[in-house]
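J.: In case you want the letters, here they are:
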Amino acid sequence: MTELTLAKAIGAGLRRALQDDDHVLLMGEDIGDLGGVFRVTDGLKHEFGADRVVDTPLAESGIVGTAIGLAFRGYRAVVEIQFDGFIYPAFDQIVAQVAKLHARTQGAVQVPLTLRVPYGGAIGSVEHHSESPEAYFAHTAGLRVVTPSNPQDAYSMLRLAIASNDPVMYFEPKRRYWTKGEVDLEAVPLALDKARVVREGTDVTLVAYGPLVATALDAAEAGADEGISIEVIDLRSLAPIDFDTLEDSVNKTGRVVIVHEAAQFGGLGAEIAAVVTDRCFYALEAPPQRVTGFNVPYPPAKLEEHFVPDLDRMLDAVDRVMGRENSLTNWVAR
Amino acid sequence: MRTGLTETSSPQLSIAIDEPIQLLTPEGVRIEAPEYDSWVEDLGDDDLLAIYEDLVVVRRFDNEATALQRQGQLGLWPPLLGQEAAQIGSARALRKDDFVFSSYRENAVAYVRGVALEDMTKVWRGTANSGWDPFTVNMATPAVIIGAQTLHATGYAMGCQRDGVDSVAVAYFGDGATSQGDVNEAMIFAATFKAPVVFFCQNNQWAISEPVGVQAIRPIADRAPGFGIPSLRVDGNDVLAVMAAMRVALERARTGGGATFIEAVTYRMGPHTTSDDPSRYEDLAEREEWAAKDPITRFELYLDGLGLLTDEARASVKAASDDAAKRFRAACIALPDPEPMSVFDHVYSEPNANLDRQKREFAAYLSYIEGGTR
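Top line first, the protein sequences correspond to chains A and B. The letter at position 266 of the first sequence is residue 266 when you use the working numbering, and the numbering goes up by one with no holes. For the working numbering, add 1000 to where a residue sits in the second sequence, where the first one is 1.
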């Protein structure tokens, strides 16, 4: 076991993948000498050379498109998209090509790409640097979408993502890059598509992923002080979603709150609420609740604390499903 | 001027326009082109006749596919009429281990690569989203998103570099695609990494209804040098000139010279697809001009001049094309409809619990409906 930050754990996973498979290569902007704007690839170009840690032109579509061509020759590219908000120029190559090539060719072509995307807000940055675009990709057939919340998962899930023969969008919770944790580099990882119950509880299921798992755990701790037992689930995989684990939890608690930074409308919270309602209808004591970003462009830094769900907003929703007094108790919708 | 702007008194700077490389005049006269003659001098009588047969077969096949669409056997078809020389000449220059990434009109290229004719029509008949296994013929199935495949070709070429092989990737695309960001990004990547890729642009003068002037106010071949990629402008209706240019480009790529851009100047003599209505935009005089430069007529005249087109040779080529068309028609009509449950196949290469549940639910629905319980 070694103590690593989440960013260093990803770096360790990349190093291991480069060592183990000479068909793995990294592509991205500023990932060479600079080590990436978050230093995730620090030292890797020096160690593996410029042919395997490739500083590319500043063209996201070009990076993903050439990575596809490399896949036709058996290469396994790990692409770094510098920031969440920079992924849109590559949207066509990801959605129309990466996601569909395997099905289009009736299985003849595999695109074992890993797309690393630092995402999420609360880092005091400017527009396009704090977004949560995961739902676009979770909605797209052919892609797998995952996101770790801690250093151990960051390392293990990255290795599974790179090893996967399907394309994997690997969303990195950038505001947790500096979170430290013990990492066992030889640990047998939990399967990539499994959710994890990170805190057991009996009253409410709180579903979170990526950067909000830590906040959800804090909320559960605070809830316990008020006598509410909150079970926290770290989804880990956003496509597919491990609904079996959610079903078991909600059948036990009878209440569910789903949290994410991404905007609410058409988001993952809606999908989870629909499936949980379908599968746990008779166990539910209250309608599923969502605590999410609003359907607004990501706000300027001075306002982001109001946009990104925090502990208080999570507990307010917990109060709602518990039938306790909450912000909407005397609110009239229409 | 097309833009409607009036002439200004701006300083006039001239940019030279190269005349397209030509080895055969539209009248079928072989003219000397010192820089390119040597690239086709190995072609013997049998080779010339084989090229001729290819040209005739693909035109016959292409017409048959259009007929099948008119008869309701295909939902849609994009004819390549007029572009036979550009496609046959370039594809015949390739080695088996080279790899083609094309758009959807390159059916003559696919033919040369060895794709079965009926497989090319699976997409248009609606029985599959692509027609063949790319690795059996070293040609990816067509990219419908314009220009996307140029990046795939460039990436493939970067893979060839890493593998230390001298295989070359070839991107086929049209004049419309040159406006896409992907094509421009592909040229940047190819130049930066000196990738062994050939950008083969068939400038057929039309992107559906938009004349090439909407995409480029200068010859398209002029763009590549700005990226650091040399370009050749070639008469796309001259099969020998196309083959020579392609061989030059392939040799450059194989020997570490990097990418080359070829603009094959040709003309789309048919509609964009069978759903198109060229009568709303076509320029009849221009079309007539190009009809006089027909790639097959020109090659016939050349072969005739060489004394190769004996009655026997003509009959043999006609029989081959009739036979190919007949077998194609039968095989196309016999393409089986896919099974409903096959929509779930190959979406992922690994198990996916969410999709698997949808699949099982749909299977239950199908057996419920088909079981007649409703």
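Among the clues, some could well be false.
[Said to hold, decoys possible] Pairs of lysine-lysine, PhoX-like flavour, derived with a Cα cap of 25 Å:
| hint | chain 1 | residue 1 | chain 2 | residue 2 |
| --- | --- | --- | --- | --- |
| 1 | A | K194 | B | K1359 |
| 2 | B | K1359 | A | K45 |
| 3 | A | K180 | A | K194 |
| 4 | B | K1318 | B | K1293 |
| 5 | A | K252 | A | K302 |
| 6 | B | K1194 | B | K1096 |
[Unchecked claim] Far from chain A, some chain B residues (derived; all Cβ distances over 10 Å):
| hint | residue |
| --- | --- |
| 7 | E1185 |
| 8 | G1228 |
| 9 | I1229 |
Please keep in mind that the hints were generated in silico from the structure rather than gathered at the bench. All C-beta atoms, glycine included, are put in the ideal place defined by N, C-alpha and C.
J.: Hint compliance check: list the failing hint numbers for this structure, sorted ascending.
T.: 2, 5 and 7
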